[in-house]
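Kindly produce the complete structure, drawing on both the sequences and the hints.
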Amino acid sequence: MYRSLFARDLFSELERLQRDLGSVFEPSPSIRGISRGGYPALNVGSSPEAVEVYAFAPGLEPASIKVDLDRGVLSIAGERAPTLPEQSDEKTTLHQRERFAGRFRRIVSLPDDIDPNAVCASYRDGLLHISVKRRSATPARRIEIQ
Amino acid sequence: MSELTQTQQDTRSTETEAALLPPVDVVEDATGITLYADMPGVPRESLQLRVDGDQLSIEGELVLPAPAQLQPSHVEVNLQRYRRRFTLSKELDASQVSAELAHGVLRVRIPKAAHAQPRRIEVQVH
Chain A
182 MYRSLFARDL
192 FSELERLQRD
202 LGSVFEPSPS
212 IRGISRGGYP
222 ALNVGSSPEA
232 VEVYAFAPGL
242 EPASIKVDLD
252 RGVLSIAGER
262 APTLPEQSDE
272 KTTLHQRERF
282 AGRFRRIVSL
292 PDDIDPNAVC
302 ASYRDGLLHI
312 SVKRRSATPA
322 RRIEIQ
Chain B
109 MSELTQTQQD
119 TRSTETEAAL
129 LPPVDVVEDA
139 TGITLYADMP
149 GVPRESLQLR
159 VDGDQLSIEG
169 ELVLPAPAQL
179 QPSHVEVNLQ
189 RYRRRFTLSK
199 ELDASQVSAE
209 LAHGVLRVRI
219 PKAAHAQPRR
229 IEVQVH
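Going down the list, the protein sequences come from chains A and B.
Residue numbers are given in my numbering: position 89 of the first sequence equals residue 270, and the series is strictly consecutive.
Residue numbers are given in my numbering: position 121 of the second sequence equals residue 229, and the series is strictly consecutive.
Derived from the structure by calculation, the hints contain no laboratory data.
Wrong hints could be hidden among the right ones.
Once the Cα atoms are required to be at most 30 Å apart in a straight line, the calculated DSS-like pairs of lysine-lysine come out as [said to hold, decoys possible]:
#1 B:K220 <-> A:K272
#2 A:K314 <-> A:K247
#3 B:K198 <-> B:K220
#4 B:K198 <-> A:K314
Here it is, written out as structure tokens:
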């Protein structure tokens with residue numbers, strides 16, 4: 182099982198447990214799935230026009246975020262510099278250290294009908310939003326039997 | 109009196125709502141304590157930092173620019189609110205708390221009160 186980036190209260194923990202149990206019976210159809218947990222946390226959703234990816238990636242230099250799209254696989258990578266010294270020294274005392282520091286990479290497998298040339302990404306308030314347009318849906322048609 | 113009761117109820121209703129616990133780093137030096145909290149997606153105007161007696165509470169509402177008709181397919185962040193509370197100790201000066209928010213990281217500085225700065229105690233001789 183995974184550990185979430187954010188701790189949850191009891192009710193959302195129960196909900197997570199339920200979802201985990203559900204996923205045993207309904208495995209993700211993708212070979213990669215999306216591994217859960219870690220930095221940044223991801224939300225993915227799709228509409229008929231676009232696939233929207235939200236990465237909760239606070240405290241990054243916008244220029245240092247690497248977003249790549251290669252054959253339908255979106256990767257988000259970068260490095261978050263530590264804000265704190267490694268250890269307590271004679272001047273400072275670390276009381277809590279829960280925030281992520283270091284390199285990260287997360288992969289999202291996108292649907293087949295996305296347009297790799299129509300991707301836009303923005304970073305605001307520590308939230309990275311990547312929007313990938315889908316090719317205009319081909320209307321359903323009946324196939325003639327010869 | 110009724111107004112007071114109303115305020116208490118309002119506070120209680122937001123306090124019992126499920127929320128995400130933002131991860132924090134806390135570091136202390138000779139003059140005070142610095143707290144860093146990850147709260148991605150919280151704009152400055154929906155961040156609330158409150159000091160009530162010895163309680164420091166940070167709370168923020170998550171704003172997702174989600175277009176209409178969005179069908180979620182993978183959700184790791186499923187709540188719209190962050191909340192976390194800390195108890196301050198007596199030597200901290202709650203009236204001098206300062207905070208800044210940058211790229212979803214909140215930095216709070218709580219200095220130690222002047223009377224709590226290190227000093228040598230005179231020994232009285234009678």
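Cross-check of the supplied hints:
| no. | hint | verdict |
| --- | --- | --- |
| 1 | B:K220 <-> A:K272 | holds, 15 Å |
| 2 | A:K314 <-> A:K247 | holds, 19 Å |
| 3 | B:K198 <-> B:K220 | holds, 9 Å |
| 4 | B:K198 <-> A:K314 | violated, 55 Å |
Checked against the numbered hints listed earlier, the structure breaks hint 4 alone; every other hint is satisfied.
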